[in-house]
Amino acid sequence: ETGVTQSPTHLIKTRGQQVTLRCSSQSGHNTVSWYQQALGQGPQFIFQYYREEENGRGNFPPRFSGLQFPNYSSELNVNALELDDSALYLCASTPELAGGYYEQYFGPGTRLTVT
Amino acid sequence: AQSVAQPEDQVNVAEGNPLTVKCTYSVSGNPYLFWYVQYPNRGLQFLLKYITGDNLVKGSYGFEAEFNKSQTSFHLKKPSALVSDSALYFCAVSGLNTGFQKLVFGTGTRLLVSP
Chain A
305 ETGVTQSPTH LIKTRGQQVT LRCSSQSGHN TVSWYQQALG QGPQFIFQYY
355 REEENGRGNF PPRFSGLQFP NYSSELNVNA LELDDSALYL CASTPELAGG
405 YYEQYFGPGT RLTVT
Chain B
3 AQSVAQPEDQ VNVAEGNPLT VKCTYSVSGN PYLFWYVQYP NRGLQFLLKY
53 ITGDNLVKGS YGFEAEFNKS QTSFHLKKPS ALVSDSALYF CAVSGLNTGF
103 QKLVFGTGTR LLVSP
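Residue numbers (this note's numbering), protein chains in the order written: chain A, 305 to 419; chain B, 3 to 117.
In case anyone wonders, no lab produced these hints; they're calculated from the structure. Among the hints, a few may not be true.
As the list claims (entries may be wrong) - Here are the computed distance ranges between Cβ atoms for each label pair:
1. B:Arg44 - A:Pro374: 27 to 33 Å
2. B:Pro20 - A:Pro366: 46 to 52 Å
3. A:Asn363 - B:Pro9: 21 to 27 Å
4. A:Thr324 - B:Asp56: 43 to 49 Å
5. A:Leu343 - B:Ala16: 24 to 30 Å
6. A:Gly307 - B:Thr22: 37 to 43 Å
7. A:Thr309 - B:Glu66: 37 to 43 Å
8. B:Pro20 - A:Phe364: 35 to 41 Å
9. B:Ile53 - A:Asp388: 19 to 25 Å
What the hints assert, rightly or not - The calculated DMTMM-like cross-link candidates involving lysine to aspartate or glutamate, where the alpha carbons are at most 25 Å apart (straight line), are:
10. B:Lys51 - B:Asp11
11. B:Lys71 - B:Asp56
12. B:Lys24 - B:Asp87
13. B:Lys51 - B:Glu68
14. B:Lys79 - B:Glu17
15. B:Lys51 - A:Asp388
16. B:Lys60 - A:Glu358
17. B:Lys60 - A:Glu357
18. B:Lys51 - A:Glu386
19. B:Lys79 - B:Glu68
20. B:Lys60 - B:Glu10
21. B:Lys79 - A:Glu400
22. B:Lys71 - B:Glu10
23. B:Lys79 - B:Asp11
24. B:Lys60 - B:Glu17
Idealized CB from N, CA, C, for every residue including glycine.
Isolated chain A (complex conformation) (with noise of 0.2 Å):
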């Protein structure tokens, strides 16, 4: 166990909704990624914060948005759903941003269905 939690685990949504998932890092860990897994492929980096800040993103759309709090926990929000947002998402944490050497520490995940 990494001691990284997600909620939900399984949501399915409609498109043009909306959607919240929520994460829980290990304690003490200041940053927290978020990855799109779709079905078949490798995770793909959505962004990353650090404490409290977007400080990375990858190539995703605005309508990808998220927030991190002073408790370890974070959200990623994603408006105005299309088919294609259907995959496994995860978030990852660890303890601090430096050198780019630590390993992540990922959460179960939330599979996110559009119809």
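Given chain A, put chain B in place with the hints provided.
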């Protein structure tokens, strides 16, 4: 841009035999390389990483990986496979060139260990 290639979609091996899962990378600067494993309906679990130093890295569950700079490879190995090793394996590269840390994953290799 950083990238990782996993040339094999699936690797089949008999229990007790050695296994190799291949990974090649492309990155400017020093590579930080990782292997993760994903079991069905689970998040990614960290196996091992190469940051610097010895080219042979030992990790969890008896896995090891060999870093080869001239061939830009980071193959995952295990001397004796177990049926329980059957899972999806991802190679990833990380860097902090742009001020944030993200993992760039390969497409994954499914390992199937037969009894």
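Each hint, compared with the structure:
{"no.": "1", "hint": "B:Arg44 - A:Pro374: 27 to 33 Å", "in the structure": "holds (29 Å)"}
{"no.": "2", "hint": "B:Pro20 - A:Pro366: 46 to 52 Å", "in the structure": "holds (48 Å)"}
{"no.": "3", "hint": "A:Asn363 - B:Pro9: 21 to 27 Å", "in the structure": "holds (24 Å)"}
{"no.": "4", "hint": "A:Thr324 - B:Asp56: 43 to 49 Å", "in the structure": "holds (44 Å)"}
{"no.": "5", "hint": "A:Leu343 - B:Ala16: 24 to 30 Å", "in the structure": "holds (29 Å)"}
{"no.": "6", "hint": "A:Gly307 - B:Thr22: 37 to 43 Å", "in the structure": "violated (31 Å)"}
{"no.": "7", "hint": "A:Thr309 - B:Glu66: 37 to 43 Å", "in the structure": "violated (30 Å)"}
{"no.": "8", "hint": "B:Pro20 - A:Phe364: 35 to 41 Å", "in the structure": "holds (40 Å)"}
{"no.": "9", "hint": "B:Ile53 - A:Asp388: 19 to 25 Å", "in the structure": "violated (35 Å)"}
{"no.": "10", "hint": "B:Lys51 - B:Asp11", "in the structure": "holds (22 Å)"}
{"no.": "11", "hint": "B:Lys71 - B:Asp56", "in the structure": "holds (12 Å)"}
{"no.": "12", "hint": "B:Lys24 - B:Asp87", "in the structure": "holds (16 Å)"}
{"no.": "13", "hint": "B:Lys51 - B:Glu68", "in the structure": "holds (10 Å)"}
{"no.": "14", "hint": "B:Lys79 - B:Glu17", "in the structure": "holds (14 Å)"}
{"no.": "15", "hint": "B:Lys51 - A:Asp388", "in the structure": "violated (32 Å)"}
{"no.": "16", "hint": "B:Lys60 - A:Glu358", "in the structure": "violated (34 Å)"}
{"no.": "17", "hint": "B:Lys60 - A:Glu357", "in the structure": "violated (35 Å)"}
{"no.": "18", "hint": "B:Lys51 - A:Glu386", "in the structure": "violated (35 Å)"}
{"no.": "19", "hint": "B:Lys79 - B:Glu68", "in the structure": "holds (8 Å)"}
{"no.": "20", "hint": "B:Lys60 - B:Glu10", "in the structure": "holds (22 Å)"}
{"no.": "21", "hint": "B:Lys79 - A:Glu400", "in the structure": "violated (29 Å)"}
{"no.": "22", "hint": "B:Lys71 - B:Glu10", "in the structure": "holds (20 Å)"}
{"no.": "23", "hint": "B:Lys79 - B:Asp11", "in the structure": "holds (16 Å)"}
{"no.": "24", "hint": "B:Lys60 - B:Glu17", "in the structure": "holds (20 Å)"}
In this structure, the hints that do not hold are numbers 6, 7, 9, 15, 16, 17, 18 and 21, in rising order.
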